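Engineer: The residues making up each chain are set out below.
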Amino acid sequence: MKGKNSAGLIALILAVILLPYIITNDYYLGALIFAGLNSLACIGLCMLMGYAGQISIGHGAFVAIGAYGSGILTASFAWSPWLAMFCSLIMAVVVAIVLGIPALRLKGHYLAMATLGFASIVHVVSVAAVDLTGGPSGIVNIPRPKLFGYLLQTDTQYFYFVWAVVIIGIYCAFNLIDSRVGRGLRALHGSEDAAASLGIPVTWYKVQVFILSAVYASVSGSLYAYYVNYIDPGPFDISYSVLLVTMVAVGGLHNIWGALTGAIVLSLLPEFLSFVSDYLRFFGIEYQQDYDTLVYGLILLFIMLFLPEGIFPSLRGAVAGIIALFKKTPRMSGQNSGPIAGRRFSGHDK
Amino acid sequence: MTNNILELDHLRKNFGGVVAVSDLSLNIAKGAISSLIGPNGAGKTTIFNLVTGFAQPSGGHINFSDRRINGMKPHAIAGIGISRTFQNVQIFPNMSVLENIMVGRYLRSRAGMLYSCIFPPILRNEEKRIREDAEKQLHFLELEQYADTPAGSLPLGNQRMLEIARALALEPGLLLLDEPASGLNARETIAMGELIGKIKEMNVSVWLVEHDMDLVMDISDYVAVINFGGLIAQGTPAEIQRNPEVISAYLGG
Chain A
1 MKGKNSAGLI ALILAVILLP YIITNDYYLG ALIFAGLNSL ACIGLCMLMG
51 YAGQISIGHG AFVAIGAYGS GILTASFAWS PWLAMFCSLI MAVVVAIVLG
101 IPALRLKGHY LAMATLGFAS IVHVVSVAAV DLTGGPSGIV NIPRPKLFGY
151 LLQTDTQYFY FVWAVVIIGI YCAFNLIDSR VGRGLRALHG SEDAAASLGI
201 PVTWYKVQVF ILSAVYASVS GSLYAYYVNY IDPGPFDISY SVLLVTMVAV
251 GGLHNIWGAL TGAIVLSLLP EFLSFVSDYL RFFGIEYQQD YDTLVYGLIL
301 LFIMLFLPEG IFPSLRGAVA GIIALFKKTP RMSGQNSGPI AGRRFSGHDK
Chain B
1001 MTNNILELDH LRKNFGGVVA VSDLSLNIAK GAISSLIGPN GAGKTTIFNL
1051 VTGFAQPSGG HINFSDRRIN GMKPHAIAGI GISRTFQNVQ IFPNMSVLEN
1101 IMVGRYLRSR AGMLYSCIFP PILRNEEKRI REDAEKQLHF LELEQYADTP
1151 AGSLPLGNQR MLEIARALAL EPGLLLLDEP ASGLNARETI AMGELIGKIK
1201 EMNVSVWLVE HDMDLVMDIS DYVAVINFGG LIAQGTPAEI QRNPEVISAY
1251 LGG
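Heads up: the sequence lines are chains A and B, in that order.
Residue numbers for the first sequence, in this note's numbering: 1 to 350.
Residue numbers for the second sequence, in this note's numbering: 1001 to 1253.
Hints listed in this document are in silico derivations from the structure and should not be mistaken for laboratory results.
Treat the hints with caution; some may be incorrect.
Listed next, with one range per pair, are the computed distances between beta-carbon atoms [claimed, not checked]:
1. Asp290/A x Phe1119/B: 44 to 54 Å
2. Gln1145/B x Thr293/A: 48 to 58 Å
3. Lys107/A x Gly1041/B: 23 to 33 Å
Note that the structure is predicted; figures quoted are calculated from it, not measured.
Beta carbons are placed, not taken as given, at the ideal position from N, Cα and C, and that holds for glycine.
Could you build all of it, start to finish, from the sequences and the hints given here?
Structural biologist: Here you go:
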């Protein structure tokens, strides 16, 4: 398991290094940067949902805190982007504590409700607090950060930067999962009573992983603000939070790779659809961008019906099945999916 | 100092108007196997829940090694050396058998979240130690061949063994077993009895709730009988078997 994860991480690093040589078009590179930013938020959310069994339907709010915190502090107060990112991160942590402690003391999905409400508040504030957030017209002139004295000016540079952060994020997540703390989290997902009977402070652990996921989301938001140099309330509404949850669920919520797969697939889907629509036009079918929602819905429906564990575990099961076919040894595919991809999992309920 | 590891002093628990435990005073001897028996609904599991902090007493006191523990949270009670198993097995089905036991080493290790995030498992000595300790438990319970099996796919008998292994990994002073033999076949029940004997030899005091009277009378040093939340008899197995009140409670006389 650990070996496979290291191999996966090395493969990802190689892919990230090589991709800008294959994709030279800045537009597609930009799409991959957004995919990376979504991935970062999804990795945090995956640890909260898949490993600790809690749901946040308002994670977009933490992305917004990161984005607005960084945007306001750099553009209006001329802070260093790094310091601004760190301060937004601290703010996300504080908010996660305030929100998490009361909601996570209770068993059940109170965190989902609390975060949903919080996300609406953040969205309303970002629209209405014109003096602070610029209101609907947003904040402009957000600078790019400097790394080792170099300004991250081109899309290629920023692509490497964002994906380096994603890789660090995955690395930390894997370290955590195979540690005393990570086992504690997986344990309380399995049985809160048994976890408590072994000395694990259940509430505090749930709060901790919620804080961690908020940190991932906040960093993703900061990097977003520095990339587009301009933020407005548009991207941070409730539907973005729901999209993040969808990405994690579609990819497979019991595995970091699943969250990554889901984030990349759903981030690149609009580009893919616009690509396909050119062909459809060739056949005389007029594809409108409005249909995207319809296609999203269909894909989601398909995955929930036929791949309920998510894309990634199903893919892995299929690959294992094919390998078994070649080896000609009878073997149950999909069953040997490691300790994390739980057998008895039931979607969001646990 | 007393020879009791656990003392219940006039313990009461009401659920609304229903009295689950009424004025129960009972001592659990150190280094011995004590059993708690009684008809269904007598309040046995409630007493275990009170001792381990999963329920709070309505009155009375619980002392563990001369320290008052009522009002403490379950994880804090585990921290002072009481571990337990559950009537309906509570293993972590999504983790491997070895990982389940490694969770039991939680209190014997200290890495925090930030430290765990930054350093990979290979560089952490503690992680190695946790694994070795867990493997020792696995060996003790003779579950080695299942080390990497998802715990949820073990047969029930092994799940109960695993739950005990996990509770023992904590190195408790007192181990509470809630119906360890329920759902086990005759052969597994005998193995369970032998295991509980071995646990006693490790200098862990054992307190169990059990319905299998052959097992209880066979392994216990002391037996306490309750009915309707109150103590009706206590003593050695031989004394209990002769006690007319116990006979009437069980035979419905």
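Engineer: Decide, hint by hint, whether the structure agrees.
Structural biologist: Tested hints:
1. Asp290/A x Phe1119/B: 44 to 54 Å: Once the Cβ atoms are compared, 49 Å apart, the range 44 to 54 Å for Phe1119/B and Asp290/A holds.
2. Gln1145/B x Thr293/A: 48 to 58 Å: The hint (48 to 58 Å, Cβ to Cβ) holds, given that Gln1145/B and Thr293/A are roughly 52 Å apart.
3. Lys107/A x Gly1041/B: 23 to 33 Å: Once the Cβ atoms are compared, 25 Å apart, the range 23 to 33 Å for Gly1041/B and Lys107/A holds.
Every hint, counting from the list given before, is met by this structure.
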